[in-house]
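Protein chains in written order, with this note's numbering: chain C, 525 to 885; chain B, 661 to 1164.
Everything labelled a hint here was simulated from the structure, so no lab data went into it.
The C-beta atom is built at its ideal place from N, Cα and C for all residues, glycine as well.
Take the hints with a grain of salt, since some may be wrong.
[Unchecked claim] Short derived list, chain B residues pointing at chain C, Cβ under 10 Å:
hint : residue
1    : D992
2    : F1011
3    : S1037
4    : I1074
Letter by letter, the chains look like this.
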Amino acid sequence: MGFINKLQEKFQNLISTFTNRDKFVKALFNNAILIVLLAIVVFVGIRNPNYLSPQNLITLSVNAAPRFIIALGVSGCLITRGTDLSAGRMVGMAGCISASLCQRLDFAGRLHAWLPDMGNHEVYWVIGVILFTIICCCLVGLISGSIVAFLKVPPFIATLGMQQIIYSFNMIYTKSQPIGALRSSFLTLAKGITIPWIDLGKGRFMSIPYMFILMILIGIIFWFLYNKTRHGKYMYAIGGNEVAAEVSGINTKIMLLKIYCLAGGMYAIGGMLQAAKAGAASLSLGQGYELEAIAACTIGGVSTTGGVGKVSGILTGVLVFELLKSALLFLGVDSNYNFMVQGLVILVAVAFDIRKYIAKK
Amino acid sequence: MSVRLDENVLEMRNISKSFPGVQALDDVSISVKPGTVHALMGENGAGKSTLMKCLFGIYHQELGEIVLDGQQVSLNSPQEALRKGISMIHQELQPIKERDIAENIYLGRYPMSKIPFLIDHKKLYQDTSELLESLDMHFDPHTKLADLSVSQMQSVEIAKAVSMNAKVVIMDEPTSSLTENEVESLFKIINNLKAKGVAIIYISHKMEEILKISDEVTIMRDGKYVGTWKASELTTDLIISKMVGRELTNRFPARHNTPGEVIFEVRDFTSIHEKSFREVSFSVKKGEIFGIGGLVGAQRTELMEAIFGLRHITKGEVIYKGQTLNIKSPKDAIKKGIALLTEDRRGSGIFSVLSVADNVSIASLHQYVDHLVMLNSKKINNLVDENVQKLNIKTPDNKTLIQSLSGGNQQKVIISRWLANNPDVFILDEPTRGIDVGAKYEIYTIITKLAEEGKSIIMISSEMPELLGMSDRIMVMCEGRVSGIVDGKSTTQEEIMALATKYM
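So here's chain B without its partners, still in its complex pose:
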């Protein structure tokens, strides 16, 4: 595994980066040779994206150095990274859809004509044609991006990287929304790039793909570097064991809940979107913590939002205490005693400009109406005080704006918002995302207590230890389908990882 230094186009040496409460990267090093595909693998939260954001100038590492072509560089912005020959193909492409291919590729660096201020359109389209031809892409440079498929947009994005003379191209889950044929053509382009001497850092969860396309594989875990291997030396099982190989420590409270009879059942749930969840059936018992595992993009969130009335389905039913529910909106779901803690706390959880009190009480105000329309402030204040105390929410007072609280406390506020409605089924979507370790334990304790009180908990989690440490049973999803339901005590990380990639 010893490589000569001068052979590497890129070296990231001993990179460390922390966020409040998390050591995201801890002494990570990676070396990439020109004309190769270097795969970067790890579970969600292993630090792959953070590392790449450091490379692309979005974040700045606290320790460590980046060496490009033998020269130490400091990358303070994506623009600087682009100038120095590093390009990134994001998972979510952000093209300017209403402009054509040529304009998208040369945006911000249009060829100028001899007359001041005027763009040399002839050269623009000529250059684009030549560029596309050299990459074996057969597009008309005048095509609007909106008229292209996702994979074609991706090709344009890659062409743009080449046009900027990129030495290193980062591809973050480039195949997540591609069909099999499209993946094939992407691989052709990648091989094309390799032949031109471009180095590609390839992030993906899909084992087969990795083994097929990459030359070297670096595996990360918990923000740490695990190792680098030649792809030919690896197998799927080997990669999984290296990705998850860690000891489970006592990070979870003891559970004394006893699952009873089935009270909540989902049958045959199928989305209106072809690529989303299909024919999902499962049942949850009273007092049970039912974990849902899978990789990002397995459509778990979409499924839960559909159950809660936020998304449409073509078929499927929810049976609750023997009764078929007709849920058309969150309001209906809430009335029946279902609560949903959403994944995106900032986007669909907190009301950042409102107070803690308003944030706690907003979903249960109907309980506090006196004299026709007037709200009983005293009762509302009691409710808030009670919850702040019970869940140990750290806030100066109830009138403080929720945005000034820490992530963990914000999460507790939203949990208490739902507790105020006394639901029986609690859907928690990534309940500890972005929360520091101490607050995580508190959230786990709350979840455990709720289950002990006989509430049914459905918990989506992308963190393997959390899933294993908290769940009575675990349902694993892959590509919108249920790939298995396993017992939380007897299962292993390897089994779940295998199920999570079953249909890929």
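Extracted from the complex, chain C is given alone in its bound form:
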């Protein structure tokens, strides 16, 4: 009964939103981002129906997956009033490390001549490489976290320094050469499960990308982490009021370490997915990703003053960017305009969003 009552209440709320002018305007403001998102989809969908074709949706999800995972990583830093400018370069590092260890043995120009021949057990090698890459990035995150937590360097500066260091490491490690010719087991990351009953014509079938599945999985894990564990509650508390958090018995330093470490892990996954998608990794991999991730989080309602941010919001923010990029492509807009449009969306979206808080005062 309780459930039905709740449903009824929600329904009545919804009705009153459309009948009460003030409420309607408020709802419009509160959901500005979602409305923008919807408007993009409807407009472009009408102009070019292929925009909503299964094929394009798959492309979209594959593009969104690494971005979402990276944004989730950054979100912890942002919620605790920090930031992570090294995210993009860590994505690059993860891509380069994992790709260099997964180059094919028949490729003479591989970076590491010593790569072992695993025969039919190649897949175990690849799994090992994936875990190794995640650990590497977690360690780097741990270093960033220590600088922020123990040395009290402002996160903006701490991670800016790390960004430079990691970029240089990438150059030294790859000798500034692109790393291609990757093993098929590694490239599997960019494939998917074929669904034989959805025919796309011309003998091709709908398939659900592993990346999409992974993105949903990690999204769910983060939702639980942020809402149902001490880690999440403490994270929001530190972002809300660090002194009060300490008085309440939270070890704020260890928490920051955990958050930056976890972020590192997410960049590792994002970087490997990007490398697998492209079939190669290079120095430019991940460049500028940190800014897009931070922008996506901000658009999705992660507050720059800390303590606020939801997984669903972050997903919305990432989707706004990916849908927009795809929309511009489908509308045939000169790609030189891409960043201009993205910049405008950030400004407009956040200006709208901030009105929520201004109105409260």
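Once you have looked at the hints, place chain B on chain C.
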């Protein structure tokens, strides 16, 4: 006491100002003559600061008028007050430390050269030199503020006031962080200002100082004007009795707690900072309400934060149930059953962007972990519901953000945060600060009930009636030291006030 109107440089007539739940100023009048020092005295919360903020344009009075040099003025911002000749030397100075003296003094009104947009640096430093010389201050105008001592920064601040042709200079506790020698040089400067015909409104708790430097003394109590006297007519005892002279009404619940054996003991606590608490020892009994009195700056908060693991000490120990505790962080203190309600609710108490539920449960989440890492939402909700009901917290629901609650309800939320851990020692630092009268009574009832349940309460309070009305015993601190521990029933306000100023 009759003074001719035209003699006064400043008159504040019948000023009233209220904040939600508090009548901060109730029909207060004060007249200040040029070339005199007019002391303003009263307990914490008597309304001195509010009155001065009205004068300096930070607040605007609801009733009453301000007359400056015979003309009624309306002061809507500090800038306007400064323009009209009113300056304020704040207790906490806010200089621009990385810039030099001249730039600090003439900030925002630099002399300009004939070439547009360029500052006339030569004139700037020349003017500053002359100004400093005229005040008998021997600084190089090029010295960075960061290289000055607190008292020197204060002198610069005073020089700035003079440079703006101030007719009235307000000094809010100017000696609170000065050494004796520095106080002497401040007094020289003050006398210098007097000779120039500047009127000084001087706020301080220090009786000796007041009697020495001031010409007239106005005393306030509970936001009301008590009276104005010539300093020569007053003595320390007379001032104290006028400051506290009020009847205690029945503002506190009846207490039925019975203090038992000593369970919590602090020995020889000494801060790493020279000017903070020193060699503090006291003990608290089971079921006792142990009040801590003293003036603002007596280092009571610092002491409690050190006990709770938030500050460092050079020596001292905490003995709890016969066991010496090793507290390095609040986490350790909480584990041992100690709770601290901090003084600054907004700064270190509430998580304003989080819900009531999160605010209640944050310190006790370790009790609600199921399946390795998952929190049991049902149990947490039960905890929150229980506390909301028990402490009568007025909130639309548990998901409401705490920032939309009233101060009293926020305070109750934080108390329930600690109750969830079932502590035995409850340190309450100014538990009713900024809370309206009705909610105060509720908080008192909660405190009384806790003591009746056998919890030990340590309560810092700067409000005399609260201290007397609630405490079984009262420890008074002065300048970081314990100046006495007295029985709550037999002591008087006069005795506590005398102890609170004992080492000054």
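Cross-check of the supplied hints:
1. Interface hint at B:D992: satisfied, since its Cβ lies 9 Å from the closest Cβ of chain C, which is below the 10 Å cut-off.
2. Hint status for B:F1011 relative to chain C: holds, with the closest Cβ pair at about 4 Å, below 10 Å.
3. Look at B:S1037: its Cβ gets to within about 7 Å of chain C, closer than 10 Å, so that hint holds up.
4. Interface hint at B:I1074: satisfied, since its Cβ lies 9 Å from the closest Cβ of chain C, which is below the 10 Å cut-off.
Comparing the model with each numbered hint stated earlier shows that all of them hold.
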